[in-house]
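Listed below are the residues making up each chain.
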Amino acid sequence: MSAATETPKIELTGVKKAFGPKKVLDGVDLSVAKGESFVIIGGSGTGKSVMLKSILGLLNPDAGTIKVDGEDTTHITGRARDRVMTKFGMLFQGGALFDSLPVWQNVAFGLIQGRGMRRAQARDIAIEKLAAVGLGSDVANLSPAELSGGMQKRVGLARAIATTPEIIFFDEPTTGLDPIMADVINDLIVKCVRDLGATALTITQDMASARKISDRIGMLYQGKLIWQGPTDSIDDSGNPYVDQFIHGRAEGPIQMQVKLG
Amino acid sequence: MGFLSGIGRATLVFLAATGRLALFTARSLSHCVRPPYYPRLLVQQMREIGYNSLPVVGLTALFTGMVLALQSYTGFARFNASSAIATVVVLSITRELGPVMAGLMVAGRVGAAMAAEIGTMRVTEQVDALSTLSTNPYKYLVAPRILAGTLMLPCLVLVADIIGVFGGYVVSIYRLGFNPAAYLTSTAQYLETNDVVSGLVKAAAFGFIIALMGCYNGYHSKGGAQGVGAATTHAVVSASIMILMINYLLTGLFFS
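Chains as they are written, first to last, in this note's numbering: chain V, 1 to 261; chain Z, 1 to 256.
Derived by calculation from the structure, the hints in this document are not laboratory data. There may be inaccurate statements among the hints.
[Claimed, not checked] Label-pair distances were calculated between CB atoms; the ranges are:
#1 I241(Z) - N141(V): 13 to 23 Å
#2 R194(V) - L23(Z): 40 to 50 Å
#3 L15(Z) - P230(V): 20 to 30 Å
#4 I241(Z) - G20(V): 48 to 58 Å
#5 R40(Z) - L142(V): 17 to 27 Å
#6 L42(Z) - D178(V): 37 to 47 Å
#7 L15(Z) - M117(V): 39 to 49 Å
#8 A145(V) - R34(Z): 25 to 35 Å
#9 E6(V) - Y51(Z): 56 to 66 Å
#10 G229(Z) - E251(V): 33 to 43 Å
#11 S5(Z) - G45(V): 29 to 39 Å
#12 V201(Z) - D178(V): 20 to 30 Å
[Said to hold, decoys possible] Straight line, CA to CA, 27 Å or less: simulated DSSO-like cross-link-like pairs of lysine-lysine:
#13 K222(Z) - K23(V)
#14 K67(V) - K23(V)
#15 K34(V) - K67(V)
#16 K16(V) - K34(V)
#17 K22(V) - K67(V)
#18 K34(V) - K222(Z)
#19 K87(V) - K22(V)
#20 K191(V) - K222(Z)
#21 K212(V) - K191(V)
Please read all numbers here as calculations on a predicted model, not as lab measurements. A virtual CB, placed ideally from N, CA and C, is assigned to each residue, including glycine.
Given these sequences and hints, build the entire structure.
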């Protein structure tokens with residue numbers, strides 16, 4: 001096991017992705033250790049989502065390699081991809097709950113469809129996971145459309161952790177929530193990741209959330225990871241881009257593509 | 001030169017779209033035959049495509065049969081050929097109008113719903129969520145719809161054939177004053193198994209096309225509500241046009 005602990009859980013080397021002439025990822029190098037919580041910050045349109053989707057195999061990078069547990073997963077498909085996907089759980093920005101299914105079937109989806117578990121047993125686990133994110137069994141039979149935004153996020157979280165994944169991705173977990181609910185979600189993320197002993201990779205624009213849930217932070221700008229370091233060093237990163245972002249200043253090296261007047 | 005580059009660009013766009021569709025079709029078919037299967041979803045889709053389309057397809061067939069009898073009577077009566085009406089009705093319905101009418105109605109009803117549902121799932125990242133839950137979207141979303149479409153359209157058309165012939169019978173007997181026994185005899189007289197079977201084969205092809213276009217357009221939709229709307233329109237329009245084209249080709253194949 002000593003060799004395994006040295007292998008990064010997720011490793012990206014020189015990953016590039018372009019959509020037509022627009023370079024979204026321009027050589028991203030990233031290494032996330034086992035059990036670590038890494039948060040990637042960056043403005044809108046800097047390629048954060050594209051990076052997550054590339055690691056998940058939902059998008060094919062143009063160049064570079066992506067390794068999970070030391071295994072090159074950049075271009076694998078079919079069965080091999082399915083096998084790697086069982087290691088992942090993901091909380092989507094909008095929840096991405098299946099609106100044709102009741103809440104409990106959403107949570108149990110990976111167990112029933114992915115693992116072939118019996119429905120009764122999967123339902124018990126789903127109720128348990130809902131309880132873990134602070135939802136009672138009374139919501140289990142509701143449709144996702146009947147839930148508030150915060151509750152949908154929690155159900156999404158329960159679904160992401162239901163298969164006890166080794167790696168969990170969080171895509172803007174606090175976007176669209178009020179500050180209190182955002183903090184509740186942050187606490188749940190910290191708790192769930194700790195309980196599972198999982199490796200977490202989060203992308204966010206919310207600095208309060210980033211500080212709370214991360215061990216390390218990296219900043220993505222113009223398709224590159226321009227800075228990374230431990231969470232407590234972010235205030236004296238010495239990087240003008242990072243300083244501008246964490247203090248939310250309009251003035252600085254990052255120029256927003258906004259037409260004024 | 002602008003003229004030529006325009007032609008070139010249009011050709012490239014067309015070829016790229018054809019290639020994408022061909023790849024999508026090949027991938028969908030391969031997932032139809034490889035496990036895991038989702039029998040529960042297949043049954044659900046069969047009920048949606050087959051059973052729930054019965055009223056709309058039945059009404060269409062009924063009025064088509066009725067108008068066929070009425071219209072051929074006004075034409076044929078001039079040549080004292082009104083005894084041929086029963087044959088005209090039954091052959092037109094089983095060979096052409098049954099499959100085509102049912103196909104067009106189902107394209108509007110089911111193809112649009114498929115594109116809208118899968119398109120919404122796409123833009124709200126539900127399709128991506130399927131992948132992260134170790135479930136292949138082709139297997140879970142596309143394969144049951146394509147199988148159900150291909151299986152259920154022939155069943156629908158069989159019902160439509162019967163209702164259509166019945167519509168012609170009702171008009172001929174109660175409006176045009178034909179003898180019921182004579183009408184039924186001449187209905188059966190010139191009808192061959194091949195007439196019905198060819199219509200059912202067409203129906204299977206149409207069902208496949210409808211489900212394929214619904215899934216393909218939904219799967220590749222982007223850009224929120226507007227994108228889903230466009231996908232829905234494309235699904236119905238492309239399926240309808242392909243139904244009419246393929247109908248011509250198959251007729252040429254069967255009856256030449």
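A quick look at each hint next to the structure:
1. I241(Z) - N141(V): 13 to 23 Å: Violated - the Cβ-Cβ distance for I241(Z) and N141(V), about 43 Å, lies outside 13 to 23 Å.
2. R194(V) - L23(Z): 40 to 50 Å: 43 Å, holds
3. L15(Z) - P230(V): 20 to 30 Å: 52 Å, violated
4. I241(Z) - G20(V): 48 to 58 Å: 29 Å, violated
5. R40(Z) - L142(V): 17 to 27 Å: 21 Å, holds
6. L42(Z) - D178(V): 37 to 47 Å: With Cβ atoms ~43 Å apart, the hint holds.
7. L15(Z) - M117(V): 39 to 49 Å: Given range 39 to 49 Å: holds, Cβ gap about 45 Å.
8. A145(V) - R34(Z): 25 to 35 Å: Once the Cβ atoms are compared, 33 Å apart, the range 25 to 35 Å for R34(Z) and A145(V) holds.
9. E6(V) - Y51(Z): 56 to 66 Å: With a Cβ separation near 59 Å, E6(V) and Y51(Z) satisfy 56 to 66 Å, so the hint holds.
10. G229(Z) - E251(V): 33 to 43 Å: For G229(Z) and E251(V) the Cβ distance comes to about 41 Å; the hint holds.
11. S5(Z) - G45(V): 29 to 39 Å: 31 Å, holds
12. V201(Z) - D178(V): 20 to 30 Å: Violated, since V201(Z) and D178(V) (Cβ atoms, about 59 Å apart) do not stay within the stated range.
13. K222(Z) - K23(V): Since the Cα atoms of K222(Z) and K23(V) sit roughly 20 Å apart, the hinted pair holds (cutoff 27 Å).
14. K67(V) - K23(V): 22 Å, holds
15. K34(V) - K67(V): It holds: about 13 Å lies between the C-alpha atoms, which stays within 27 Å.
16. K16(V) - K34(V): At roughly 24 Å apart (the allowed maximum being 27 Å), K34(V) and K16(V) satisfy the hint.
17. K22(V) - K67(V): 25 Å, holds
18. K34(V) - K222(Z): 35 Å, violated
19. K87(V) - K22(V): 31 Å, violated
20. K191(V) - K222(Z): 35 Å, violated
21. K212(V) - K191(V): With Cα atoms ~11 Å apart, K212(V) and K191(V) stay inside 27 Å; holds.
Violated hints, listed in ascending order, are 1, 3, 4, 12, 18, 19 and 20; each of the other numbered hints is respected by the structure.
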